[in-house]
Amino acid sequence: MKFKSDVVIGLEIHVELDTNTKLFCGCRTSGNDKPNTRVCPICLGHPGARPVLNKKALDYAIKLCLATDSTLTPEVIFSRKSYFYPDMSKNFQISQYEEPLSVGGAIELESGKKINLTRIHIEEDPASITYPKSAKNSDYSLIDYNRSGNPLVEIVTEPELTTPDEAREFLNKLISVLNYLKIFDMKSGIIKADANISIKGSGYRRVEVKNITGFKEIERALEYELERQKELVKEGTEIVIETRGWDAKDRETYSLRKKETEEGYGYIIEPDLVKIDVNEELIGILKKEIPELAHKKAKRFIKEYKIDKVDAKVMAMELELGELFEKVVKEIDPILAGRWLRRELLRVLNYNKKTLQDIKIDESHIIELLSLIETKTITEATGKKLIEMLIDKPFSPKDYVEKNELAQITSEIELEDICKKIVSQNEKAVEDYKGGEEKSFNFLVGMVMRETKGKANPVIVKDAMKRILS
Amino acid sequence: MIDNQVKEITKGKVKCLDYTKNAIKRIKEINKDNHYITTMCEDLAISQAKEIDSKTKKGKLAGTIFTIKDNICVKDVESTANSKILDGYKPIFDATVVEKLKREGAIIVGKDSCDAFGFGGFNVNVGVGKNIPKNPIDSSRTCGGSSGGSGGITKKADFVHVAIGESTGGSIECPSAFCGVVGFCPTYGLVSRWGLISYADSFDKIGVMTKTVEDNARVMSVIAGHDNKDGTSLKVDKKDYVKSMKEDSKKLKIAIIKDGLSEGTSQEVKESFNDMVETLKKDGFEIDEISLPLTFKYGIATYYILATSESSTNLSRFSGLRYGVEENKKGKYFDDYFSEIRSKNFNTESKRRIMLGTFTRMAGFRDAYYIKATKARTKIIEEYKNQFEKYDLLISPTMPIVPPKFSDIKKMSALEAYTMDILTVGPNLAGIPHASMPIHKGDLPIGMMVMADHLQEDKIYRLLKRIEELR
Numbered sequence: 000m001k002f003k004s005d006v007v008i009g010l011e012i013h014v015e016l017d018t019n020t021k022l023f024c025g026c027r028t029s030g031n032d033k034p035n036t037r038v039c040p041i042c043l044g045h046p047g048a049r050p051v052l053n054k055k056a057l058d059y060a061i062k063l064c065l066a067t068d069s070t071l072t073p074e075v076i077f078s079r080k081s082y083f084y085p086d087m088s089k090n091f092q093i094s095q096y097e098e099p100l101s102v103g104g105a106i107e108l109e110s111g112k113k114i115n116l117t118r119i120h121i122e123e124d125p126a127s128i129t130y131p132k133s134a135k136n137s138d139y140s141l142i143d144y145n146r147s148g149n150p151l152v153e154i155v156t157e158p159e160l161t162t163p164d165e166a167r168e169f170l171n172k173l174i175s176v177l178n179y180l181k182i183f184d185m186k187s188g189i190i191k192a193d194a195n196i197s198i199k200g201s202g203y204r205r206v207e208v209k210n211i212t213g214f215k216e217i218e219r220a221l222e223y224e225l226e227r228q229k230e231l232v233k234e235g236t237e238i239v240i241e242t243r244g245w246d247a248k249d250r251e252t253y254s255l256r257k258k259e260t261e262e263g264y265g266y267i268i269e270p271d272l273v274k275i276d277v278n279e280e281l282i283g284i285l286k287k288e289i290p291e292l293a294h295k296k297a298k299r300f301i302k303e304y305k306i307d308k309v310d311a312k313v314m315a316m317e318l319e320l321g322e323l324f325e326k327v328v329k330e331i332d333p334i335l336a337g338r339w340l341r342r343e344l345l346r347v348l349n350y351n352k353k354t355l356q357d358i359k360i361d362e363s364h365i366i367e368l369l370s371l372i373e374t375k376t377i378t379e380a381t382g383k384k385l386i387e388m389l390i391d392k393p394f395s396p397k398d399y400v401e402k403n404e405l406a407q408i409t410s411e412i413e414l415e416d417i418c419k420k421i422v423s424q425n426e427k428a429v430e431d432y433k434g435g436e437e438k439s440f441n442f443l444v445g446m447v448m449r450e451t452k453g454k455a456n457p458v459i460v461k462d463a464m465k466r467i468l469s
Numbered sequence: 000m001i002d003n004q005v006k007e008i009t010k011g012k013v014k015c016l017d018y019t020k021n022a023i024k025r026i027k028e029i030n031k032d033n034h035y036i037t038t039m040c041e042d043l044a045i046s047q048a049k050e051i052d053s054k055t056k057k058g059k060l061a062g063t064i065f066t067i068k069d070n071i072c073v074k075d076v077e078s079t080a081n082s083k084i085l086d087g088y089k090p091i092f093d094a095t096v097v098e099k100l101k102r103e104g105a106i107i108v109g110k111d112s113c114d115a116f117g118f119g120g121f122n123v124n125v126g127v128g129k130n131i132p133k134n135p136i137d138s139s140r141t142c143g144g145s146s147g148g149s150g151g152i153t154k155k156a157d158f159v160h161v162a163i164g165e166s167t168g169g170s171i172e173c174p175s176a177f178c179g180v181v182g183f184c185p186t187y188g189l190v191s192r193w194g195l196i197s198y199a200d201s202f203d204k205i206g207v208m209t210k211t212v213e214d215n216a217r218v219m220s221v222i223a224g225h226d227n228k229d230g231t232s233l234k235v236d237k238k239d240y241v242k243s244m245k246e247d248s249k250k251l252k253i254a255i256i257k258d259g260l261s262e263g264t265s266q267e268v269k270e271s272f273n274d275m276v277e278t279l280k281k282d283g284f285e286i287d288e289i290s291l292p293l294t295f296k297y298g299i300a301t302y303y304i305l306a307t308s309e310s311s312t313n314l315s316r317f318s319g320l321r322y323g324v325e326e327n328k329k330g331k332y333f334d335d336y337f338s339e340i341r342s343k344n345f346n347t348e349s350k351r352r353i354m355l356g357t358f359t360r361m362a363g364f365r366d367a368y369y370i371k372a373t374k375a376r377t378k379i380i381e382e383y384k385n386q387f388e389k390y391d392l393l394i395s396p397t398m399p400i401v402p403p404k405f406s407d408i409k410k411m412s413a414l415e416a417y418t419m420d421i422l423t424v425g426p427n428l429a430g431i432p433h434a435s436m437p438i439h440k441g442d443l444p445i446g447m448m449v450m451a452d453h454l455q456e457d458k459i460y461r462l463l464k465r466i467e468e469l470r
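So the sequences go chain by chain: U and V. Heads up, the first sequence is in numbering that gives the first Met the number 0, so the first residue is 0 and it goes up one at a time. Heads up, the second sequence is in numbering that gives the first Met the number 0, so the first residue is 0 and it goes up one at a time.
I should point out that these hints are in silico values taken from the structure, not numbers from a laboratory. Note that this is a predicted model, so its numbers are computed, not measured. One or more of the hints may lead you astray.
[Stated by the list, open to error] In silico lysine-lysine, DSS-like type, Cα no more than 27 Å apart, as pairs: (1) Lys328/V to Lys296/V; (2) Lys371/V to Lys54/U; (3) Lys199/U to Lys186/U; (4) Lys210/V to Lys374/V; (5) Lys371/V to Lys274/U; (6) Lys54/U to Lys234/V; (7) Lys33/U to Lys56/V; (8) Lys329/V to Lys132/U; (9) Lys191/U to Lys384/U; (10) Lys328/V to Lys274/U; (11) Lys199/U to Lys3/U; (12) Lys209/U to Lys331/V; (13) Lys55/U to Lys228/V; (14) Lys228/V to Lys274/U; (15) Lys132/U to Lys234/V; (16) Lys378/V to Lys274/U; (17) Lys378/V to Lys33/U.
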């Protein structure tokens, strides 16, 4: 064993490719259909029906290989992976085995650490199984073949992740790449993972946790499993090398079955599909469709716009945010734009549990808003309020500010009058301030801001207040 | 011949409906004792016949009576590959071949018996509880297999009739030789496999069985061609095999595969074969001798490893869910349920091949069997390809024996039965076109097998035509 770190994690991530039709038939991949209606003889495995490859799915998967510097196979070969399970319409899955689509490649973390990829391959999704009660306590299960045959890519990492945090960062980076390539539906696409986890304390006895669905669940499952193993080691109990499932409801892993090896699936070459050449011409066409990816874009943002490093990285990670930024900086100071988009806009989005894709935001409105801030026509406080409103519905901030008289009050005379009024109404605070309470000064300034509904220029207010109180 | 038949129907001399009704009646009579047909589809046939009578453009095969091997799907007609596990299964789509035939006015009257899933050479491995077809010349003997019903009915039907068969390792040639009909298996990928219930997908080929060479070429011209629904379908130009059949055959360079005339081949087969070779020589053909040592040494093993590896995965889907036989699932675990269904409804040979094929690809044995066999197959293909640089056609007997008696088949072990495929597995491994042509002088049918390089079907038809004339 060559491992050194306290924790060793390897991931096998299944990502649903965002094609219109399934991997081997013409059925649609998504929609709110009744169970078992988005099906045909091919994805139901009817005798006599045979698969024909969806070239779009292959193109998408090749783009992912190119974007992660994974080395492509010269010819694509599919294999049959045999096992009996009710969610498998043919009781074999068309996958790739001896010749995956690509080998090697890596995704780089913020720290500069590279997480190497073992392989990337394409396979079909099985059907989904639903249970009337929980999986463990149901008398029967129901099968829905709507998902059967959806295109998946499996990305296998080397066991180089050493914490659940790193795993999360890796997944974030991967999702960013998928989003940039536009091969994954960020809203309804499914991401699933199997994780191999072991710790130094047990001599790296490997446990596989299978079928973890969803980004958040992956991190939760890793954290749970890690704690479980640490506890066992502390107790002196030997860790069983096994496959475990993840129960998202009870948030725990549970023993599934004995570990089976890939060799146990009795793979054969899929005889119904011919080999496909991955030639230079195809690679050339697909390469052209790959945009500048997040890490390169972040570096360019820093160099070109001289903005904050963190702002640059965060904005580059999200395709839509990065694109918005580049539109905005044509008219707005990049540092101001970076600060507002990455801190304020993201803060409001996160608070409302929304993404840029969810809302219809018009970049001209953002530009108007930021130019009102840049020219100090409105205060930052007003700007924050307006950005919150923009998340809900589109409107012109400029018109709104005029109509509602939200322009910043910068008149010294006007503000001094207001300060005097506040001082006279808050004798106790004034006394406390004079007695040395600095906090009371801030309270008084805050009262002025409230009186002006946030429109007062805070610098002028502070100056005026000091003059009055001295 | 189809040609005359189509003319009569097209000119309106014969009503297609009357003709079809008579044909159905006759087939039923034949079938009573011979068991060539598993399912009659009278309603379909009658409605097709009525349609043809009502149309002005009746199609290239108007009114020709067809039966279809039971492992090829005909929409709404029970198609079981002659296995009990698919009893009651009525496909919701037509095989591409069936669609093409229907479009040209063919009348489909029934499904032909076969070894279940095509697993056999004598058509005795029928599904649990199903009948074994009898040789049209001698009812104590086999029709051959696996397309035995197709061979039997083609020989016995005393009117224009075509059977659509299917070959994986010799399933068209063997029954054609044993029943005395013309059987043609095209290049792998020339005829679409959409709608064919798989035996071994990298081998399976749909072909034609007829009484005459011309009928065979005519039907092949209709069913060949590219199909988007089959990923292995070849993109090639359409050919008119009836036209190419009539071209001069004398320029064809022919060689006998002498390994096919070794001690394993019976005396009567050798005599008929050598007689025909002499006839051809007298007719002006130059005929050499060659040897295919690799194919004859490793062919059987390579074929059975690869074919069972593939078929064991193909048969996995039959688990008593969604189609075919189904039982009450309440209170049963999936594993127990499907094991029970499969135990009851697969016949012995199906189980044997599932076990063989699962073994050859399992951990620890896969490299030694499955992977090695894929490499051997490449070598065998090379061996044929080398010969086709020098020769247009290779010939050998189709089967090493005359159709055996059922009583003798009972005494054979599974392995002995498998070795009967020694002559036919080669071209099937190589995916090259090959045909069996009746050449017997005595009562019992004997076939000569003619093979050509990929997509050289026309050359085979030319020689077959000449043999037909010389016979």
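Verification of the hints:
no., hint, result
1, Lys328/V to Lys296/V, "48 Å, violated"
2, Lys371/V to Lys54/U, "31 Å, violated"
3, Lys199/U to Lys186/U, "38 Å, violated"
4, Lys210/V to Lys374/V, "38 Å, violated"
5, Lys371/V to Lys274/U, "19 Å, holds"
6, Lys54/U to Lys234/V, "17 Å, holds"
7, Lys33/U to Lys56/V, "43 Å, violated"
8, Lys329/V to Lys132/U, "16 Å, holds"
9, Lys191/U to Lys384/U, "38 Å, violated"
10, Lys328/V to Lys274/U, "40 Å, violated"
11, Lys199/U to Lys3/U, "7 Å, holds"
12, Lys209/U to Lys331/V, "25 Å, holds"
13, Lys55/U to Lys228/V, "17 Å, holds"
14, Lys228/V to Lys274/U, "16 Å, holds"
15, Lys132/U to Lys234/V, "51 Å, violated"
16, Lys378/V to Lys274/U, "19 Å, holds"
17, Lys378/V to Lys33/U, "51 Å, violated"
Figure legend: structure checked against the earlier numbered hints; hints not met, in rising order: 1, 2, 3, 4, 7, 9, 10, 15 and 17.
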